[in-house]
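*Asks:* Given next are the chains, with one letter for each unit.
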Amino acid sequence: MSSSKIKLKIDSLSFSYPGHEVFQDFSLDIEFESLLLMGPSGGGKSTLMRLLCGLELPESGTIAWDTEVLAHDEKGLRAFRKKTGVVFQSFNLFPHLSALENICLPLVKVHAVSQSEAEERAMEALKSFSLEDHALKMPAKLSGGQKQRVAILRAMITRPKLLFLDEPTSALDPYMTHEVFKMIADVERAHPCPVILVTHHVSFAQKCTAKHLF
Amino acid sequence: MFKKTWYLYLFVYVVLLGLLYLSFQRIDYQWNWSVIWDYREKLSQGWLMTLKISAVALILSVVWGWVLMLMQRGPALLKSFSLTWVHLMRGTPLLVQILLFFYVIANAAGLDNRFWLSVLILSNFSAAYISEIFRSALESIPKSQWDAARSIGLEPWQTYKEVIGPQLIKIALPALGGQFASIVKDSSLLSIIAVSEFTLNAQEVNSLTYSTLEVYLPLAFGYLLITAPITWFAHRMERRLHYEF
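First to last, the protein sequences are chains A and B.
FYI, this note's numbering numbers position 101 of the first sequence as 101, with every residue one higher than the one before it.
FYI, this note's numbering numbers position 105 of the second sequence as 105, with every residue one higher than the one before it.
Keep in mind the hints are simulated off the structure, nothing from the lab.
Don't take every hint at face value.
No farther apart than 20 Å at their CA atoms in a straight line, the calculated lysine to aspartate or glutamate pairs in the DMTMM-like style are these [unchecked claim]: (1) A:109 x B:162; (2) B:161 x B:238; (3) A:75 x B:238; (4) A:137 x B:155; (5) B:143 x A:29; (6) B:143 x A:74; (7) B:170 x A:74; (8) A:5 x A:29; (9) A:141 x B:238.
Work out the full structure, taking the sequences as your base and the hints as a guide.
*Replies:* Here is the structure:
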């Protein structure tokens with residue numbers, strides 16, 4: 001999918017939710033362009049992805065991307081998250097902002113891009129995927145597929161160094177699933193970066209040259 | 001919505017006023033408006049004082065209510081203090097709080113500015129309710145919104161300003177509008193510590209003229225003059241902020 005490789009080194013990672021241990025002393029050393037996380041529901045795929053993208057703090061152990069070891073405090077993780085893009089299963093668009101505003105928000109507020117430049121870039125991105133007619137619509141007025149495509153653009157507009165996709169098509173019908181995967185591939189081609197994807201879609205996994213982690 | 005159906009609202013008002021009028025006719029009430037007219041200046045001064053106390057208390061109660069809510073999300077000591085304080089303020093009558101704060105606490109601390117003490121007592125009472133409105137609104141915002149805000153790298157204050165705040169205000173607004181109207185009405189209890197507000201002045205005019213309803217009907221109208229714009233504004237904001245989840 002992408003042409004840029006990255007090293008991931010996980011060392012003695014432990015993490016648990018109250019009353020439920022998810023990882024105990026988990027280690028991994030791997031280099032990949034794209035990584036597919038597959039496995040049964042409740043198997044810890046999404047938790048691993050949340051740990052990898054810095055949305056959860058491990059109880060112990062370290063995660064390193066190339067030479068960057070993830071911080072063990074929220075401030076340090078925030079600095080890391082600024083360099084990544086995350087797409088969630090349930091889209092997680094901000095319901096009070098239009099599609100355009102959703103895409104502009106990280107550019108303007110986090111990456112100090114001017115409002116006019118952000119809007120220009122966001123419109124350009126929307127146009128590339130024939131979504132320009134929906135730019136001013138609120139998320140509630142968009143279909144599931146449109147919401148997820150806007151969410152992908154919001155994650156990619158900042159040109160992240162890593163893209164995390166947490167079951168991005170599980171809430172979509174087969175046609176939209178195909179469209180979204182096609183879009184991910186297109187976006188990736190325009191701006192290559194390593195992708196970490198949690199998915200149940202074996203067919204997609206088979207087509208893809210990515211490394212698989214079960 | 002209001003523009004299209006204004007005549008229905010007018011109709012309801014006319015019917016209610018008509019019923020009131022017929023009731024007065026039936027008991028053959030002898031009106032004596034001329035006596036009240038002589039005290040119009042005293043009544044309007046009281047109304048202005050109520051307006052001032054309510055306006056300042058409204059702003060302070062939002063600030064203090066927000067702080068109380070944030071304390072509940074903070075360290076254990078602050079959380080315990082906030083929960084206890086909110087429980088006490090919501091669980092005891094405002095009348096008792098006014099007496100206790102004014103005659104005991106303020107007296108012991110050597111404070112005697114009735115206006116500011118009134119504002120503080122009223123805003124503290126209302127803040128307990130507002131903090132609960134904020135808390136329930138905040139808890140109803142899905143965790144996924146925090147995740148999304150964190151994932152794009154927003155700072156905590158930016159998350160509140162750009163993502164959580166606008167959604168919280170939208171959810172809290174209907175309850176806040178009601179609470180703001182309550183502040184105005186609750187200010188009438190301040191008459192017991194002789195703050196020269198609308199109700200106290202009305203009580204004084206009543207004791208001078210013995211024209212109870214001629215004083216208290218304008219009193220009700222005076223409160224409506226303040227609460228109606230608040231309700232109208234809250235509804236207008238609700239419509240402006242309307243979006244679907």
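*Asks:* Now look at each hint and say whether the structure bears it out.
*Replies:* Evaluated hints:
1. For the hint linking residue 109 (chain A) to residue 162 (chain B), the alpha-carbon distance of about 9 Å falls within 20 Å, and the restraint holds.
2. Restraint check for residue 161 (chain B) and residue 238 (chain B): satisfied, since their Cα atoms lie roughly 18 Å apart, inside the 20 Å limit.
3. Simply put, residue 75 (chain A) and residue 238 (chain B) have alpha-carbon atoms about 35 Å apart, too far for the 20 Å limit, and the pair is violated.
4. Restraint check for residue 137 (chain A) and residue 155 (chain B): the C-alpha separation of about 26 Å exceeds 20 Å, so the hint is violated.
5. Between residue 143 (chain B) and residue 29 (chain A), the direct Cα distance comes to roughly 32 Å. Violation of the 20 Å bound is thereby established for this hinted pair.
6. For the proposed pair residue 143 (chain B) and residue 74 (chain A), the alpha carbon gap of about 17 Å is at most 20 Å, so the pair holds.
7. Annotation: proposed proximity of residue 170 (chain B) to residue 74 (chain A) is violated, straight-line Cα distance about 28 Å (limit 20 Å).
8. Distance restraint check for residue 5 (chain A) and residue 29 (chain A): the Cα-Cα separation of roughly 13 Å lies within the 20 Å cut-off, and the hinted pair is therefore satisfied.
9. For the suggested pair residue 141 (chain A) and residue 238 (chain B), the alpha carbons sit about 19 Å apart, so the restraint of at most 20 Å is met.
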